[in-house]
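Chemist: Given next are the chains, with one letter for each unit.
Protein chains: 2
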Amino acid sequence: MASQPKLGILAGAGELPLRVVEACRAADRPVFVLAFEGSADPACVVDVAHAWVRLGAAGEGLQILRDNGVEELVMAGGVKRPSLLALRPDWRTAKFFARVGYRALGDDGLLKAIIRELEEVEGFRVVGADTLLGDALAPAGPLGRHLPDAQAEADIALGFEVARALGRLDIGQAAIVQQGLVLGVEAIEGTDALIARCGPLRRAGRGGVLVKCAKPGQERRADLPTIGPGTVAAAAAAGLAGIAVSAGSTVLIDRAAIAGAADRAGLFVVGVLVP
Amino acid sequence: MASQPKLGILAGAGELPLRVVEACRAADRPVFVLAFEGSADPACVVDVAHAWVRLGAAGEGLQILRDNGVEELVMAGGVKRPSLLALRPDWRTAKFFARVGYRALGDDGLLKAIIRELEEVEGFRVVGADTLLGDALAPAGPLGRHLPDAQAEADIALGFEVARALGRLDIGQAAIVQQGLVLGVEAIEGTDALIARCGPLRRAGRGGVLVKCAKPGQERRADLPTIGPGTVAAAAAAGLAGIAVSAGSTVLIDRAAIAGAADRAGLFVVGVLVP
Chain X
1 MASQPKLGIL
11 AGAGELPLRV
21 VEACRAADRP
31 VFVLAFEGSA
41 DPACVVDVAH
51 AWVRLGAAGE
61 GLQILRDNGV
71 EELVMAGGVK
81 RPSLLALRPD
91 WRTAKFFARV
101 GYRALGDDGL
111 LKAIIRELEE
121 VEGFRVVGAD
131 TLLGDALAPA
141 GPLGRHLPDA
151 QAEADIALGF
161 EVARALGRLD
171 IGQAAIVQQG
181 LVLGVEAIEG
191 TDALIARCGP
201 LRRAGRGGVL
211 VKCAKPGQER
221 RADLPTIGPG
231 TVAAAAAAGL
241 AGIAVSAGST
251 VLIDRAAIAG
261 AADRAGLFVV
271 GVLVP
Chain C
276 MASQPKLGIL
286 AGAGELPLRV
296 VEACRAADRP
306 VFVLAFEGSA
316 DPACVVDVAH
326 AWVRLGAAGE
336 GLQILRDNGV
346 EELVMAGGVK
356 RPSLLALRPD
366 WRTAKFFARV
376 GYRALGDDGL
386 LKAIIRELEE
396 VEGFRVVGAD
406 TLLGDALAPA
416 GPLGRHLPDA
426 QAEADIALGF
436 EVARALGRLD
446 IGQAAIVQQG
456 LVLGVEAIEG
466 TDALIARCGP
476 LRRAGRGGVL
486 VKCAKPGQER
496 RADLPTIGPG
506 TVAAAAAAGL
516 AGIAVSAGST
526 VLIDRAAIAG
536 AADRAGLFVV
546 GVLVP
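Residue numbers (my numbering), protein chains in the order written: chain X, 1 to 275; chain C, 276 to 550.
Hints listed in this document are in silico derivations from the structure and should not be mistaken for laboratory results.
Ideal Cβ placement from N, Cα and C applies to all residues, glycine included.
Check before you lean on any hint, since a few could be wrong.
[What the hints assert, rightly or not] FRET-style restraints, in silico, Cβ to Cβ:
(1) X/P42 <-> C/R391: 53 to 63 Å
(2) X/P216 <-> C/R378: 25 to 35 Å
(3) C/R400 <-> X/P216: 39 to 49 Å
(4) X/P216 <-> C/A425: 24 to 34 Å
(5) X/E71 <-> C/A432: 39 to 49 Å
(6) C/E346 <-> X/R264: 57 to 67 Å
(7) X/P142 <-> C/A425: 42 to 52 Å
(8) C/A532 <-> X/P216: 39 to 49 Å
(9) X/G109 <-> C/G514: 19 to 29 Å
(10) C/L422 <-> X/R168: 29 to 39 Å
[What the hints assert, rightly or not] Simulated pairs of lysine to any residue, SDA-like, Cα-Cα distance not exceeding 25 Å:
(11) C/K355 <-> X/K80
(12) C/K387 <-> X/Q151
(13) X/K80 <-> C/A471
(14) C/K355 <-> X/G180
(15) C/K370 <-> X/A150
(16) C/K355 <-> X/G239
(17) X/K80 <-> C/G514
(18) C/K387 <-> X/E161
(19) X/K80 <-> C/K387
(20) C/K355 <-> X/G205
Using the sequences and the accompanying hints, generate a full structural model.
Modeler: In structure tokens, the structure reads:
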């Protein structure tokens, strides 16, 4: 069997880049991590060939990837999207943005344009992080032993309706619903901040539900919705009753740990097949 | 000219109830304020015939209104919508909710049902707060001397698209957009909380825009979007460049004070005709 080509990991925030590094190490696959300053966790570059670049330095980043023999790329972990001014784009970056229009694109639109550029102009193959992690996508059905009750099922249905409407506008991927009331919807602040601010907004009685859902037509090789044990802990701290995610399009960072955390906290975590 | 019938003011949060009281006083119109516990500002019942009731005590509230000879009603100021459990509905309230389905309705849906009940079952007339305040609705065009630039115009257009999508789902009325990025969208937390949390999310460069927009098909006699001088101050503190509201359907609490605050802070405030 031919050995696999060297994988370049474009590392943003969160645990996902480290999980990809670990999976490649376990499979003896060579990797190079291009870590984005201000986003990537330093833990994901320990004992791995790597370089740090700032987001606006695409020219430098592409040169480093080529110099290190990278053929295939994966985007792992989100980046805090800056204004064009704060980005200080280098010549290569500016040329790209002049062509696609930085401000005209939502997050998903921009990521799609970046992937197209990496493949069609720069000649890399771009793969989805979920294809590198075994068993990473949420299945349909419960992950732990707790199940949603009738009220939670109704909140889940409304949450998916809201999250999909947000996603259609490329705004965010998550909403929190309690007893039919939409307590909060996610934009650029991220899911952790959404959960934290909905804690004090909760009403008496049965807690609410966090719904995370891939955007309709979402580019699957970037920014799939992601949850981990930390999401469960945050949900429990905010008094939520459970979490529902789109099955087949949400990345689970450590499925067993998620199920264990949910069982201990008394929360349900379910994957839901979204049409 | 026949004297006007006594007006019952169902007083929720914010400055609007007090403004309605003042307008009636100036017009020598008799009023009775039914102030909701936990929502209404005590300032709106000073030197006015009034009673405090809790939200779930509709039977008591209706009796008080009749005992005081109220014929016409106005709903002024929002209330923090509780869970059904925290509402502790009395018999009259419970009967109503059993019929309309408390949990099945969004804010606007519930307000429409309440107004229908007050008019068709209880025999009151319900009027909009804007009809009692002269010059209260935002006109099309700028309120002060600052104007949106091209970037702000683009952010305003996106903000209205987002706010209308939220409104269609009866989630909220406001969004904040900066340089094409949706920094935040409003659900149950209210506009002041939205503005405050978007301050730390702002990107470098030109500040963002707060857009407030009536929900498509919104019941105009309740919960029209409202801004006041305090909204301008909060927007300035969060680093926003300006505010855009739906013309003809947003209540301005003190137009001159809004324009003055905007001029001093260097912000624009514009009314936009929304189709």
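Chemist: Each hint should be assessed against the structure and marked as holding or not.
Modeler: Hints versus structure:
1. Taken as a hint, the range 53 to 63 Å holds for the pair X/P42 and C/R391, whose Cβ atoms sit roughly 60 Å apart.
2. Checked against the given bound of 25 to 35 Å, the beta carbons of X/P216 and C/R378, roughly 26 Å apart, stay inside it.
3. Roughly 44 Å separates the CB atoms of C/R400 and X/P216, a value that falls within the hinted 39 to 49 Å.
4. Against the hinted window of 24 to 34 Å, the Cβ-Cβ separation of X/P216 and C/A425 comes to about 30 Å, which satisfies the hint.
5. For the hinted restraint 39 to 49 Å between X/E71 and C/A432, the CB-CB distance of approximately 42 Å keeps it satisfied.
6. For the pair C/E346 and X/R264, the supplied restraint of 57 to 67 Å holds, since their beta-carbon distance comes to about 59 Å.
7. About 51 Å separates the C-beta atoms of X/P142 and C/A425, a value consistent with the hinted range of 42 to 52 Å.
8. In this structure the hint that C/A532 and X/P216 lie 39 to 49 Å apart at CB holds, the actual value being about 43 Å.
9. For X/G109 and C/G514, the Cβ-Cβ distance of about 25 Å falls inside the hinted range of 19 to 29 Å, so the restraint holds.
10. For C/L422 and X/R168, the Cβ-Cβ distance of about 32 Å falls inside the hinted range of 29 to 39 Å, so the restraint holds.
11. Distance hint between C/K355 and X/K80 is unfulfilled; the C-alpha atoms sit about 33 Å from each other, more than 25 Å.
12. Proposed proximity of C/K387 and X/Q151 is supported: the alpha carbons are some 24 Å apart, at most 25 Å.
13. Taking the CA atoms of X/K80 and C/A471, the gap is near 19 Å; set against the 25 Å cutoff, the hint holds.
14. For the proposed pair C/K355 and X/G180, the alpha carbon gap of about 14 Å is at most 25 Å, so the pair holds.
15. Taking the CA atoms of C/K370 and X/A150, the gap is about 22 Å. The hint holds against a cut of 25 Å.
16. Distance restraint check for C/K355 and X/G239: the Cα-Cα separation of roughly 19 Å lies within the 25 Å cut-off, and the hinted pair is therefore satisfied.
17. A distance of roughly 19 Å separates the Cα atoms of X/K80 and C/G514; the hinted pair therefore holds under the 25 Å criterion.
18. Proposed proximity of C/K387 and X/E161 is supported: the alpha carbons are some 22 Å apart, at most 25 Å.
19. Straight-line distance between C-alpha atoms of X/K80 and C/K387 comes to about 41 Å, which puts the hinted pair past the 25 Å bound.
20. Of the supplied pair hints, the one linking C/K355 and X/G205 holds, its CA atoms being roughly 16 Å apart against a limit of 25 Å.
In summary, the structure is inconsistent with hints 11 and 19 from the numbered list given earlier, while agreeing with the others.
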